[in-house]
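Going down the list, the protein sequences come from chains A and B.
Taking my numbering, I'd label the letters of the first sequence as residues 2 to 402.
Taking my numbering, I'd label the letters of the second sequence as residues 31 to 254.
Bear in mind the hints are in silico, worked out from the structure with no lab data behind them.
Since this is a predicted model, take the numbers as computed values, not measurements.
A virtual CB, placed ideally from N, CA and C, is assigned to each residue, including glycine.
Keep in mind that the hints are not guaranteed to be accurate.
[Stated by the list, open to error] Partial list, computed: chain A residues near chain B (C-beta under 8 Å):
{"no.": "1", "residue": "D6"}
{"no.": "2", "residue": "Q13"}
{"no.": "3", "residue": "S17"}
{"no.": "4", "residue": "A307"}
{"no.": "5", "residue": "E308"}
{"no.": "6", "residue": "K313"}
{"no.": "7", "residue": "G316"}
{"no.": "8", "residue": "Q321"}
[Stated by the list, open to error] Sample of chain B residues with no beta-carbon within 12 Å of chain A, all distances over it, derived:
{"no.": "9", "residue": "A35"}
{"no.": "10", "residue": "E38"}
{"no.": "11", "residue": "R212"}
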Amino acid sequence: MRLRDILGFALQALASHRSRTWLTLLAVGLGTAAVVLLSALGEGARAYVENEFANLGTHLIIVFPGRNETTGGPPPLLGETARDLTLDDALAMARARGVARLAPLTVGSAPVAAGSLEREVNVIGATAEFMQVRRLELAQGRFLPPGDPSRGRGVAVLGQTLAKELFGHRQAVGEWVRIGQRRFRVIGILASSGQSLGDTLDDLAIIPVASAQALFNSPGLFRILVEARDREALSGAEAAIKDIVRARHEGEDDVTVITQDSMLATFDKILEALTLAVAGIGAISLAVAGVLIMNVMLVSVAQRTAEVGLLKALGAAQGQVAALFLAEALLLAGVGTVAGLAFAWASVGLFNDAVTAFQLVVPAWAPLAAAGVSLTAGLVFGLAPALHAARLDPVVALSGR
Amino acid sequence: MIVLAGIERRFLVGDQVVAALRGIDLTLADGEYVAVMGPSGSGKSTLLNILGLLDRPDAGTYALGGIETTTLSEERRAALRRDRIGFIFQSFHLIPRLTAAENVELPLTLAGVTPRERRERVAQTLDALGLTPRAHHRPDQLSGGQRQRVAIARATIMAPGLILADEPTGNLDRASGEEVIRALEGLNARGLTLILVTHDPQLGGRARRRIRMDDGAIAEDRCA
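The following block holds chain A by itself, in its conformation from the complex:
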């Protein structure tokens, strides 16, 4: 029997049970679409996080003072605190190989006042490089001027919200603010940054790092953001930074160095597992659709027992009878899959047009996996009814008993 004839016969059989066929196709289609849409959701989340990290600056190395890792050896007799990470450490690191630029940071909370208005906000001590490292944008004015970072000048850059709350709609650039006991001239306003991994840059003030050290009366840095020259230079720069710290801190490894890559890799792993998990849930719904195919095919064989008997009387071999019923199951799975994929693609397109903040991303493997699971389910669950039909005794089948 020709393949075209087998498919034609199966199609005619499916067409003669319209509602049963539509419902089965719906189940398979929904299962397929579920796999694709759920994995697109997971992959979209991954792309979103990756993009957020890229906003923070790529090839970033973050250096913290102190070390939160236990090492061997006897416990120290006296409490031993880690050495501070100082501005001089940062300046030494800036000359290390593979380092493009770095930004030493101090962070503290201080009252910022203009006239009679006062707000308690986070104050960041930084250098001119912070702007590039953190990919900041200015709405107005200038950022901190470059120059010797150990000289604290009386200038400040305000976040969008802070500027609005202190100055309203008045021009803020050029005005004076008081931070702690010192006066600073406002030289720039940050552009609204929106949310970046949960923290906003709108409600803060940025002042030169040396001024902040004086303000908070602490020589230690909160952390140093180091930007490597490129992705390849990352590990070299990381090693160089550790060497420098060890040399400057009398052989102690008393800083923690995290590369953005390793943080990204952790998120990546979590979100990939999440994507696979939700795709797996979708696949379960596809397997359920497979059970439905089996049910439909068993009903079909039961209703068409006499037809099976006739086919055998007309000379259909067991294999042919099995092929005819298997073709029905596979057509249900195949057509349902195609419809489900089309639906999923259309939905992803519509969603991505409507929502710009978050984009669904269909991973390449998702449609393949969905089609694979669906067709396998059709084959596995279609096989039993088809073999049942093939093994019917023609005499019994013809009598319809």
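Given chain A's structure and the hints, the job is docking chain B onto it.
Structure of chain B alone, referenced to chain A:
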């Protein structure tokens, strides 16, 4: 040429073994017109199923056109059914979703004949039975007589040597029945072996050879 020798067929009904056929010996020449008659349960349908290779005897041999069939695989028996035997059933057994032409075409499709040749042969066969105007009607749009003639067209499209008809007029009125019998006798006149199972004595009386069965055995075998 059909040669049955020592055919036995037993069924298990509950825990009792019932002999449906006991020691049937029968030889039929090509082109014969045979009526098999007898009361219900006499074994005539079982005999027909064995002649049609739908059932296997428990003992004995059956040679169809010189081929010993009792030892053949199921695949080979299916191929023999397809190529050498045409079945006519009391209840027609047309596939309801297929048109008359598609029902007639089915044996050719199963045999893998090319679509072009199928179309030609279906058209010829339908024409010979006066069914051309009804070719694209479904069975539920045809009269009983037309349905049985479609079934005859289907039974003959593979040009078999043997036609097995089980009560072919059982579901038909007298006029349609007459039409169907004439069509079958026309096939016999062209040299096909025709075996007719019936319990209508008038119908059986038209056959040249009449076999009367009783309790699984041949009680009478007469030639007119």
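### Message
For each hint given before, does the structure comply? Return the numbers of the non-compliant ones in rising order.
### Response
none
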